[in-house]
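2 protein chains.
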Amino acid sequence: MATKIDPGTADFASLVEGLALKGRAAQRKLAALSSAAKADALMQSAAAIREDSAAILSANAQDVADGEARGLTGAMLDRLTLDPNRSESMASALEAVASLPDPVGDIIDSSTRPNGLEISRVRVPIGLIGIIYESRPNVTADAAALCLRSGNAALLRGGSEAAHSNRAIHAAFVRGLTASGLAPEIVQLMPTQDREAVGAMLRAAGLIDMIVPRGGKSLVERVQNDARVPVLAHLDGICHTYVHSAADPAMAREIVVNAKMRRTGICGAMETLLIDVRFTAAADLVRALLDAGCEVRGDLRAQSLNTQVVSANDSDWGTEYLGAVVSVAIVDGLDAAMAHIARHSSNHTEAIITDDPGAAERFLAEVDSAIVMHNASTQFADGGEFGLGAEIGIATGRLHARGPVALEGLTTYKWQVRGSGQARP
Amino acid sequence: MATKIDPGTADFASLVEGLALKGRAAQRKLAALSSAAKADALMQSAAAIREDSAAILSANAQDVADGEARGLTGAMLDRLTLDPNRSESMASALEAVASLPDPVGDIIDSSTRPNGLEISRVRVPIGLIGIIYESRPNVTADAAALCLRSGNAALLRGGSEAAHSNRAIHAAFVRGLTASGLAPEIVQLMPTQDREAVGAMLRAAGLIDMIVPRGGKSLVERVQNDARVPVLAHLDGICHTYVHSAADPAMAREIVVNAKMRRTGICGAMETLLIDVRFTAAADLVRALLDAGCEVRGDLRAQSLNTQVVSANDSDWGTEYLGAVVSVAIVDGLDAAMAHIARHSSNHTEAIITDDPGAAERFLAEVDSAIVMHNASTQFADGGEFGLGAEIGIATGRLHARGPVALEGLTTYKWQVRGSGQARP
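Sequence lines, in order, name chains R and V.
Quick note: the first sequence uses the working numbering, first residue 1, plus one each step.
Quick note: the second sequence uses the working numbering, first residue 1001, plus one each step.
Keep in mind the hints are simulated off the structure, nothing from the lab.
None of the values given here were measured: they were computed from a predicted structure.
Just so you know, not all the hints are guaranteed correct.
To be verified - Which stretches of chain V does chain R cover? Using the computed rule of at least three CB atoms under 8 Å from a CB of chain R, they are:
#, segment
1, 1110-1117
2, 1365-1371
3, 1377-1390
4, 1410-1423
Stated by the list, open to error - In silico negatives: residues of chain R with every beta carbon more than 12 Å from chain V:
#, residue
5, Ala-75
6, Asp-248
7, Asp-299
8, Val-325
9, Ile-371
Each residue gets a CB set at the ideal place from its N, CA and C atoms; glycine is no exception.
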């Protein structure tokens, strides 16, 4: 287990403040570094993770043994467990992030005013990013790498179940930083697993600039409810696919089965299927889902399509199953589909399947979700698939960044004004 | 005075929820309107304000009389008072906003993935914006116009001292909306002046998408401290001008006097002057400020420049005077100037005066403020001066929008994905 601060003397606010001030001081120097220097640090960290592979796997074996003894579920143990392949993937992911274009210094726009002032908006790092995560130890390296590439310092707080793994990965990462001449305080790992320390991070407004939670719904919910620091996250991925009357039946079948069943545990998986009452191959769609091993819960009209469809209750329309279950409603046209989505969606990803371009464009314009799709599987909702190279997470909030968030979402901008002696009249 | 809800039965959370749900419903229709339709509504509202000018001025006269009876200061009464010119300015400001480019629908970027998916980011409105303001009744029209132009609904909460004026302006604005066929719920005015109602707005996370406070420091401080809704604001404008050793003396004198004295009460006014110890005309700079009627508070070295310089104490370096007072420190070079700024700045606007391009570029790159300037007066820190046409405010936070915030800052984006049947492998 991780070092515990004596609860009798614990002052987690001071602990977080101290770490944050160190991180912010290191970040100010990082912000001025070249893209090449940041890439070099990531390459050194990747090499250090490869060198330390045995130590990382040994630390991880201890976490897994502890987890088994504590009765963690198979899915949790799978997320926790590293093997030589996963360790190598962690190192090569750092190299991939090193090769991503650096957004810092990009000029967003510029203009010259009539008085001669040259005004430009330039991308700069945000500052200090807090990452609160659980289970998957690779987040230690992945999140730190995205923060570093975009010029930000990171304060990491992993789950207690992965404490040994996280410390071993963090130690290797930091050795890479120092080998390339960077300050170790650029990536700091919280030295305690006490739950109260997370609370102190969430309240550290002005010290931590943004918090990204990575984990299950209860973690995200706690972070969103308690944080005074801005949070970039999504709580649910209740994604809908609407099969319009003018959908191609074969395309609809392939996309619907893929959207639900390719991987049922990801946030972009379809949870509700809306079938237009005028779509003629509705029974085929339902049969394809049943044949793929999916439980189908339907409204009355959907139940009439197949005797294996069980009755959906009110809560089904707002449930993220994250498993081989789907809710199916028959809807009376595009407006009814969009009304259902407006009521039940978590504003993550919704898709329409249709060969009618007018219906498609209305859906893309009017459905108010971070990602809207036409004739594609909701499982594409992913920063890598969008060409962002990697993602720190997917956000369903409306400010700062929305949908898949990668390096650009970890930056802000400043206004640079170049004059030649202008005073304001 | 405004209608008071009986405190015994007041349920401000329900009041805000009801108004917010109406505003959100109206906004969903507004989001789909063309740029021309929104511009037409603003033109109609401008016409209605002109038609109602007498009623607005009469309501305002009542507020001014109430304010005089309650002993408001001259500055507050000046901010409160409308006259025919100011009323006409309000109407023409709406016409100016109507003519600004509409950011909604702009494509931020787009790409085609190897699998054929076409992915684009498209600007969309944020949703419902809360505006909490005081004194100046023109904010009722200005803020509503910027929200409407960018497709957002607004929930306005003006100060009790301007309650009659705000109601009259709001009534005219809404008559313009309905004349052009838009829902009156797009711009709603809180029907109570009870202070608790502001608290209910600040806690309305998920109902109000963003809050913009417009007013004095105590208002902004309360909003920032209590809000669970994201806030776009600046608390202080402690703006610095650094006169480098290689500054042109005449340019430095003109800019420094302008930055401090053109208008002392705006957030972009210079509050602290940093003079490089190797700048040879330091005494001239101080004399020019004194001659312009400015009180000068200096550190020991600045006091040696002129006997009229009084001693600055520690709190002066962190004070926004908003008046004819300046604090002056002599600094030992660029790094010392940037260290002073890093310690005391409110991250609003800082300027360097120099003919050395290397020093200027280091300052522009390394000073971490929303606006950084070279050879220009900090009084240019203004959305209009930056070519944005108007501004809802200036933000010193690091997320979403920074510096002057206009129409673009009132939008977010969605990802539109256009496929041809892609399922994810």
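Hints, one by one, checked against the model:
1. 1110-1117: Since three or more residues must qualify, the claim that chain R covers the segment 1110-1117 of chain V holds, with 3 doing so at under 8 Å.
2. 1365-1371: holds (count 6)
3. 1377-1390: holds (count 6)
4. 1410-1423: holds (count 12)
5. Ala-75: holds (21 Å)
6. Asp-248: Violated, because the least Cβ-Cβ distance between R/Asp-248 and chain V comes to about 7 Å, which does not exceed 12 Å.
7. Asp-299: holds (24 Å)
8. Val-325: Given a closest Cβ separation of 19 Å, the condition holds.
9. Ile-371: The claim is violated: R/Ile-371 sits with its nearest Cβ about 4 Å from chain V, within 12 Å.
In summary, the numbered hints that this structure violates are 6 and 9.
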